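Generate the whole structure from the sequences, applying the supplied hints.
This is what each chain is made of:
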Amino acid sequence: MSTRDHLGRPVVAVTGIGLVTPLGLGVAESWAGLLAGRSGIRRITRFPTEHLKTTIAGQVDLPEDAAGEPLLSPARVERMAAMAAEEAIAGAGIGEAGRFPGPLCLGMPPVEVEWPHRLALARQVEGAPIRYPALIEAATGRTALFEGCLFGGVGERLADRFGTRGAPVAITTACATGASAIQLGVEAIRRGEAEAALCIGAEGSVQPESLIRFSLLSALSTRNEDPAKASRPFEKTREGFVMSEGAAALVLESLESARARGATVLGLVLGCGERADSFHRTRSNPDGGAIIGAMRAAIADAGLEPEGIDYVNAHGTGTPENDKMETLGMRAVFGEACPPISSNKSMIGHTLSAAGAIEAVFSLLTIRDGRLPPTINHETPDPAIPLDVVPNAAREATVRRVLSNSFGFGGQNVCLVLGAAP
Amino acid sequence: MTESIWITGIGLASSLGEGPEVHRAALAGGRPVVDDVSFAPYPVHPMPALDLDRQIPKRGDQRQMEPWQRLGTHAAGLALDHAGARALVADMHLVVAAGGGERDTALDEAICAELAALPPAEAGPCLNERLASGLRPTLFLAQLSNLLAGNISIVHGVTGSSRTLMGEEEAGADAVRIAAARLAEGRSGIALVGGAYAAGRWDMLLLYAASGQLWRGPWTPVAARQAAGGGLVTGTAAAFLVLETESHARARGAAAIARLGPVRTGAARRRGTDTAEASAAALAAGLPLRPGYAVMSGATGITAPTAAEAAFLAGLRAAGPEQGPVRHTADLIGHAIEAAFPANLALAALAVQAGAAPQVLVTGFGAWRGEALALVEPA
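From first to last, the protein sequence lines are chains R and Z.
Note that full-length UniProt numbering has the first sequence beginning at 1, numbered continuously upward.
Note that full-length UniProt numbering has the second sequence beginning at 1, numbered continuously upward.
What the hints contain is simulated information worked out from the structure, not anything from laboratory work.
A few of these clues could be false.
[Claimed, not checked] Simulated coverage check for chain R against chain Z, where a stretch passes if three residues somewhere in it have a Cβ under 8 angstroms from a Cβ of chain Z:
1. 130 to 136
2. 215 to 224
3. 400 to 414
Bear in mind the structure is a predicted one, so any value in this text is a computation, not a measurement.
Idealized CB from N, CA, C, for every residue including glycine.
This is how it looks when you write it as structure tokens:
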């Protein structure tokens with residue numbers, strides 16, 4: 001295979017992958033759990049759940065949590081991102097230790113000062129009303145709080161740790177964030193700005209306020225009594241997504257550079273497509289235009305026709321709206337002959353800012369092993385969803401190319417096409 | 001393929017007001033607008049009066065946004081109008097640099113006051129109850145970082161693509177760098193890029209106060225602050241630029257306000273020899289500076305990065321060519337974090353268009369991290 005693509009750009013290879021999911025720490029454990037159809041959703045134990053409508057989530061148990069003071073979101077994001085990156089870089093065998101030869105493209109959620117911080121400050125206020133001016137007095141000079149909660153803090157510390165080049169770039173495109181991070185890396189390599197890029201999607205927002213905010217938008221499943229059954233993408237009784245957390249890292253390299261150093265190529269990122277929707281803050285235009293546009297753009301960017309796609313890794317959140325719109329997009333792009341599509345979120349929940357990256361890694365593993373991960377909890381088919389969702393059990397299939405969909409609040413739609421190693 | 005990039009539209013709103021004229025006049029000799037009272041002891045450059053109905057005609061849209069989103073969406077619309085690019089929004093690419101949105105500070109205060117006295121075991125469940133009953137459902141979206149871009153898509157119809165970068169000052173510079181790079185490689189012809197920051201916010205003042213670097217007391221200019229320990233005065237500002245390849249602009253008969261030259265970003269660890277000054281010097285290597293180039297400085301007023309910038313500029317002076325005037329834009333509009341670099345590019349473009357400088361070097365030295373340089377010159 002040529003090291004240039006159909007538009008004369010460098011072909012982008014994946015030479016390292018790393019995963020942290022509710023199914024396990026590491027690629028092997030996460031992938032095994034996914035193929036086994038295991039659910040990583042369970043009751044929330046990290047914080048009190050009284051007065052919450054949803055009391056379940058996908059959770060990653062970090063060693064630090066055992067001490068009883070769970071890491072807050074920015075630290076969780078950083079910790080999981082670092083674990084995934086360690087695995088990906090070690091697998092790729094790229095660069096000297098602590099000197100990654102390319103930029104960091106980090107997909108992560110917005111972070112901020114959190115309630116444990118705020119309450120700790122409030123408890124220090126003496127002789128003044130507990131209002132913001134007094135909280136600010138208490139916070140003044142706490143540089144760890146400042147550096148910990150800056151948007152640029154997580155990327156800076158990861159860049160320091162892995163020695164990536166240039167300014168770290170952090171991106172958020174809501175639930176498409178992980179795919180956007182990969183797209184940034186692909187573009188840097190295609191433009192010749194870099195020979196390699198460390199792309200990470202990480203999420204650690206399972207905490208009370210975030211959960212309540214999603215609850216207030218009626219976005220979450222409230223099927224608390226049986227957590228493993230709560231995430232039901234494409235199924236008739238689906239009623240919301242399940243919040244989750246985790247991280248994925250991918251080492252991207254130009255195929256030319258990967259070959260030159262004798263690296264094992266795990267797969268290719270063949271195409272990226274994006275399209276914004278102007279219809280509504282949380283809903284897609286009913287015509288599906290932006291979703292369809294993003295899917296088609298990714299396939300075209302890969303130099304393919306829809307027939308070239310063997311399997312689709314769904315966005316598949318399990319909300320009534322998403323799955324209906326994704327079905328519309330599938331039918332519009334692929335017609336009657338839709339390839340099989342399944343949702344990793346049926347097992348790991350919706351890892352939000354990490355989802356696009358985690359699902360890209362699972363897509364590469366799907367190609368490598370010729371095994372389609374299932375959509376579990378498929379009990380009552382939805383007649384409005386005439387798709388092969390690989391119900392309940394993994395299936396063998398020859399897969400050369402996967403379309404991975406990511407759609408988010410704010411009209412964000414990003415799709416990737418992953419391909420087999422040449 | 002590397003295309004020349006033009007700035008064909010500017011949407012700028014700050015404490016000084018909105019539009020090119022008020023900002024060009026300020027560059028020629030204006031005074032800042034400062035609110036020393038509302039957030040004392042921290043001065044801020046406040047939100048200007050905006051004719052929001054003009055850019056965000058639906059009241060429902062305005063209600064769905066917090067002030068920072070309204071400000072940014074408004075400025076984005078100004079940029080589209082300025083570029084005469086309303087008809088091109090469907091395939092226009094959008095890159096936004098965003099921070100976090102406004103919190104419900106009254107709710108924060110009420111919960112803090114109630115929970116501070118409770119033992120931690122009781123505080124957790126009570127927090128859930130107060131948040132679940134107290135948070136407005138729409139606040140989440142009004143606060144969510146990528147929803148500034150989302151609102152620009154909804155209100156103005158910009159849908160080619162939508163990306164939101166995070167990371168304070170650096171995000172503003174990288175947004176421009178990435179948008180320009182995508183245009184230069186010929187992937188698209190037109191992009192809208194920028195950011196917005198609302199300074200009059202207790203929640204953000206808390207974060208920046210934690211750095212220990214927030215300026216307290218009466219406002220003074222950046223240079224005068226240095227002898228008194230330095231410090232940051234945040235400024236409300238939104239700046240959006242319509243960037244276009246020269247060929248795209250010419251094909252539709254659009255005029256250039258200025259040409260955008262190289263945009264370079266870096267992030268020194270700011271320890272040991274990995275200094276902000278060295279990082280900027282590396283970024284400046286090979287920059288085609290013209291004699292008499294002016295500097296639109298993004299100095300924050302915080303001592304260390306401000307000193308690093310001064311040393312960097314002194315090095316440039318020593319290496320030649322002749323350096324023109326150095327302008328601390330924070331003295332006019334305050335420091336607008338994510339919006340600072342786009343705003344300084346906008347001011348640079350206005351200065352170039354007015355013939356006030358043969359070329360402008362725009363600098364960014366982030367309060368904590370991030371160094372950025374860009375050149376703006378006549379088209």
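Quick one: see if chain Z covers the stretch 215 to 224 of chain R, three-plus residues with Cβ-Cβ under 8 angstroms.
holds (count 3)
In terms of beta carbon proximity below 8 angstroms, does the stretch 130 to 136 of chain R have 3 or more residues touching chain Z?
holds (count 6)
Using C-beta distances, would you say chain Z covers the stretch 400 to 414 of chain R, given that this needs three or more residues below 8 angstroms?
The restraint on the stretch 400 to 414 of chain R holds, since 5 of its residues have a Cβ under 8 angstroms from chain Z and three suffice.
Of the numbered hints listed earlier, not one is contradicted by the structure.
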